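Chains as they are written, first to last, in this note's numbering: chain A, 65 to 266; chain B, 262 to 609.
Misleading hints may appear alongside valid ones.
[What the hints assert, rightly or not] The following residues of chain B were derived to be distant from chain A, with all beta-carbon distances above 12 angstroms:
id, residue
1, ILE303
2, LEU408
3, SER420
4, ALA446
5, GLU486
6, ASP537
7, TRP597
8, ILE603
9, TYR604
10, HIS605
[Unchecked claim] Facing chain A, from chain B, some residues (calculated, C-beta under 7 angstroms):
id, residue
11, PHE298
12, LEU299
13, ASP301
14, THR566
To be clear, the hints were calculated from the coordinates, so they are not data collected in a lab.
Treat the numbers as computed from the prediction; the structure is a model and nothing was measured.
Cβ atoms here follow ideal geometry from the backbone N, Cα and C, with glycine treated the same way.
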Amino acid sequence: MQALTNRSKVVAKKEMTFIEKLYLPAIFSGMIITFKHFFRRKPTIKYPEQIRPFSGVYRGQHVLKRDEIGAERCTACGLCAVACPAEAITMTSAERKPGEEGLYREEKYAATYEINMLRCIFCGDCEDACPKEAIFLTDRKVDSLYTRKEFVYGKNILVESKENPISLVKRQTPQVKEFKHHVEFAHNQTYDKQKKVKNSSH
Amino acid sequence: MTLSFLIYKVILVLIIFAITLLVATYSTYAERKIAAFLQDRIGPDRAGPFGILQPLADAVKMFMKEEMIPSVSNRMLFIIGPGVCMLTACMTGVVIPWGPSMNIGGTEYPLQITDLNIGILYLFGVISLGVYGIMIGGWASNNKFSLLGAIRASSQMISYEVAMGLSIIALVMTTGTLSLGQIAADQPGAHWNVFIQPLGFLIFIICAFAETNRAPFDLPECETELVGGYHTEYSSMKLGFFLFAEYINMFISSAVISTFYFGGYNMPFIARFVHDPNWLAVLGFVFLFTKISFFIFVFMWVRWTLPRFRYDQLMNLGWKVLIPLSILNLVVTGGWMMRMEIYHFFIK
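Chain A with its partners taken away, still in its complex shape (with noise of 0.2 angstroms):
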C-alpha cells in the first residue's frame, strides 16, 4: 500500500545497550543539564516591588472626565447603561439649576452615576457609546475590597478630581481620534463634525 505522506516512521523498541542499562550516563547528562539551568536568568518578576508596564489602552477602572474649565461632561443620556453587556451601570438624572454652569457642562446631569466593579467584564463598550467623551477606562486597577457593597463605585470614586486629573494621552492617541472618525463612530463627534462626516460619506 502507499504511503499518503513521507512522514511516517518505522518505531523499533530496540533493546537497550550495556551503557544504557547502567543509567548513570543519562543521570549525569540529566544532573548536567538541571545544573545549567541553575545559573539561568530567573524571569521571576518580584511583584509588589516590580510592575510590568501596562499597556496603554488597558482596559481598568473607570474615570468620568471633566472639561477645560472642570465642569462634569457627563450628561446622564444613559448610552453606556444600555449599550453595558454586563448591566453595571445605574444613573439617575438631574436638571442643572442656574448658577452651577462651572459644575456641570450640559443642562442635563448625572446625580448618581454608579457601576458595579463585580459586574463589569472591562469591555470598554460604554467608552465607544459616549457620545459626550465622558467615560473611560483608564490603566488603573480595581482595588481589591472586603465586601460587595464596596464594589459599587459612585460619583465620588468615578469622577476624576479637578486638582489632578486622569490623564489619557496613551489612550486617546492621535490614530485612536482618527480612527473614531470612522463613520461608525460618528456619535462620538461634535455636532459640526458629525455634520462633516456625514457630508464626506455622501
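On the provided structure of chain A, position chain B as indicated by the hints.
Frame of chain A, contents of chain B only:
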C-alpha cells in the same frame, strides 16, 4: 578522667549539637532555594535579605500550628515516634571526626566527641534504629497511608542497609580499622579512599540516598501515592521533627561520605603551607564542612533532577543490582589485597 576533660567534652557535644541543628535548619532553606534555582525560579526571598530568615519563619509557623492527635491513634507511640526519629538522627554525629586534634598548652583536644574503636558499627546501629521512629509513627497513626509509608520505609531501609554494609566491609578491609578517626587520619593529602574504592563509593552514595528517604528513593513519603506517607496524620512540631530529622540525616550522611571516601578533614597540599596543629585543626574543620556542603548540594541536586522510583524497581535495584555489585566489589578488593599470595600459589 579529669574535670577539665569532662567540661571539654560537654562543650564539644553542645557545639556539635548546635551546629547540627543549625546546618539542618539552613538545609531547609537551601533546599527551597536550590529547588527554585534548578527550576528557573527565585525561591523564598521575603523574610530578610534573600530570605535568609525563612527557617525562623518556618519554625514559628510549625510551633504555632494546632497540635492534632487522632482519637483512634495510639497516643503514647504517636508522640514517641518523631522523638525517636530526632534522637537517633542527633546521635550519629558523636563518632564523626570534625577535625584533627588541637593542642592547647600541651594537652591534646580531639575534635571528635568519642573515637570508638567500633565507630562504624555504632554508626550503622544508630542509623538502623532511625527506622523505628518512622515505623512507630506510621503504625501509631492508625491510618492506612501512614502504615503503607512506614512499611515501605522499613523494607527499603533493610534492603539498602545490606548493600551499604557490604560496600563498607570492602572499605574496612582496605583501611583495616573500624574507627572513624583512624579512617580519616589514614587519608592524608589526596590519598582519598574514593580512588581506592570507586565502586564502593558509588554503592554507598546510592544507599545513602535510600537510607535518608530522599528522592529518587522517597517512597515512604511520596505525596503523589500515599498522601504524605508515614507523617500523614502529623501536624505542628511533631511533623517538624520528622522533616527535621531527615535534614539531620542528610547532614550526617554527607559527613560520613566525606569521612569515609573523601578524606574527611584532609585536603591536598595543605601540610606544605600550614604547620601549626591548631590552625590545621581549624582549617580541617572548614575543609570538612566544605565537603559536607558539597554533598548536601548533591543530595538536593539529585532530588530535583531524578523522578521517583517505582517500588518494584526500588527492590530490584537494591537486591538484584547493588548487593551483587557490592559482593563483587568485596571479592575484587580481597583478591587485590591477596594478589601476592595468589601469585605465589599459582607460580608454585
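Verification of the hints:
Separation of ILE303 (chain B) from chain A is inadequate, the least Cβ-Cβ distance of about 5 angstroms not exceeding the 12 angstroms criterion. For LEU408 (chain B), the requirement that its beta carbon stay farther than 12 angstroms from each beta carbon of chain A is met, with the minimum near 31 angstroms. In this structure SER420 (chain B) is separated from chain A by more than 12 angstroms, as the shortest Cβ-Cβ distance comes to about 18 angstroms. Every beta carbon of chain A lies more than 12 angstroms from that of ALA446 (chain B), the smallest distance being close to 32 angstroms; the non-interface claim holds.
With a minimum CB-CB distance of about 22 angstroms to chain A, GLU486 (chain B) clears the 12 angstroms threshold, and the non-interface call stands. Its beta-carbon lying about 38 angstroms from the closest one in chain A, ASP537 (chain B) satisfies the requirement of being farther than 12 angstroms from that chain. Every CB of chain A lies more than 12 angstroms from the CB of TRP597 (chain B), the least distance being 23 angstroms, so the non-interface label holds. With a closest Cβ-Cβ approach of about 28 angstroms to chain A, ILE603 (chain B) is found to remain outside the 12 angstroms limit, as its non-interface label requires.
With a least beta-carbon separation of about 31 angstroms from chain A, TYR604 (chain B) lies farther than 12 angstroms from that chain, consistent with its non-interface assignment. At roughly 35 angstroms from the closest C-beta of chain A, the C-beta of HIS605 (chain B) stays outside 12 angstroms, upholding its exclusion from the interface. The restraint placing PHE298 (chain B) at the interface with chain A holds, with a minimum CB-CB distance near 5 angstroms, inside the 7 angstroms limit. At about 5 angstroms, the closest approach between the beta carbon of LEU299 (chain B) and any beta carbon in chain A falls short of 7 angstroms, and the interface hint on this residue holds.
Because the beta carbon of ASP301 (chain B) sits about 5 angstroms from the nearest beta carbon in chain A, less than 7 angstroms, this interface hint is met. Nearest Cβ of chain A to the Cβ of THR566 (chain B): about 5 angstroms, under the 7 angstroms cut. The hint holds.
Taken one by one, the earlier hints fail for this structure only at number 1.
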